[in-house]
Amino acid sequence: MERNDNQFSGGRRYKNDDITVYWKPSACVHASYCYRELLEVFDPSRRPWVDMNGSTTEKIIEVVNLCPTEALAWKWNDEEKNESVGSDQLNHIKFRRPELMNSIDADSKEQPVSVKIMADGPIVIKGNFTLLYNGIKKEVCDSMISICRCGVSDHMPFCDGQHRKAGFID
Amino acid sequence: MEENKENKSQAIIEVLDFGPLKITGNFLLKDLKRGKEDSPGEIKLCICGKSGNKPYCDESHKK
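Protein chains in written order, with our numbering: chain W, 1 to 170; chain G, 1 to 63.
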């Protein structure tokens, strides 16, 4: 694997055949779930500290989902599988780091922006667009965001998954 | 991966103060629950949860 391939803005990423795990050190609060639960994969004394061959994909996903911050997040390498990931997968990048949901085809730059109204859920917006909120202007490039539609999110305007608990039905 | 950094923004997504989400430009709207697909060019979507005409804004946020 090429060295640059391991890096992304804000951290590093680690792959096996099925998934990619993203690590953002600045977000870590050292809750220590990762290495207590799965030292074979997450060993802070080793370099690189993440060994994706240390366990099964299923177990790695389970432990990444325990991370209480966005320090660890994951996605399927098969982009299509990411579309249907449910909000029970707490640390999927769709929920934790939506800016990392990169589209795989570079030809998508002039494609219409995809705006999906999820059933009883958020508005999922994907593509190249300009986002304006709270006086902030953000150019979103080949990426995905999720906007709250129930009005209950603690991270307005972004969805934080609370619509399920709130029983939002549209 | 980062070789083409040129941004070609296709649409403007704006969270209006105390109001709906306004979307203008080149976008494709898919309403998964109602099975509708459309490219309206401009739209206002409810994000307060109060609209009686979801997913669209019906100004209920003002009430």
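Errors might be hidden in some of the hints.
Simulated DEER-style distance windows between Cβ atoms [claimed, not checked]:
| # | chain 1 | residue 1 | chain 2 | residue 2 | range |
| --- | --- | --- | --- | --- | --- |
| 1 | W | GLN162 | G | LYS33 | 36 to 44 Å |
| 2 | G | GLU42 | W | GLY167 | 40 to 48 Å |
| 3 | G | GLY35 | W | GLY10 | 33 to 41 Å |
| 4 | W | ARG47 | G | GLU42 | 48 to 56 Å |
| 5 | W | GLY54 | G | LYS36 | 41 to 49 Å |
To give an idea of the chain W side of the interface with chain G (calculated C-beta under 8 Å), a few residues [to be verified]:
| # | residue |
| --- | --- |
| 6 | GLU99 |
| 7 | MET101 |
| 8 | PHE129 |
| 9 | THR130 |
Calculated from the structure, these hints are not laboratory results.
Just so you know, even glycine gets a beta-carbon here, dropped at the ideal spot from N, CA and C.
Hint-by-hint comparison with the structure:
1. W/GLN162 to G/LYS33: 36 to 44 Å: Once the Cβ atoms are compared, 19 Å apart, the range 36 to 44 Å for G/LYS33 and W/GLN162 is violated.
2. G/GLU42 to W/GLY167: 40 to 48 Å: Violated: the Cβ-Cβ distance is about 31 Å, outside 40 to 48 Å.
3. G/GLY35 to W/GLY10: 33 to 41 Å: Holds, since G/GLY35 and W/GLY10 (Cβ atoms, about 38 Å apart) stay within the stated range.
4. W/ARG47 to G/GLU42: 48 to 56 Å: The hint (48 to 56 Å, Cβ to Cβ) holds, given that W/ARG47 and G/GLU42 are roughly 52 Å apart.
5. W/GLY54 to G/LYS36: 41 to 49 Å: Holds: the Cβ-Cβ distance is about 46 Å, inside 41 to 49 Å.
6. GLU99: violated, 13 Å
7. MET101: Given a least distance of 14 Å, the restraint on W/MET101 is violated.
8. PHE129: The hint holds - W/PHE129 has a Cβ within 8 Å of chain G, the shortest such distance being about 5 Å.
9. THR130: holds, 5 Å
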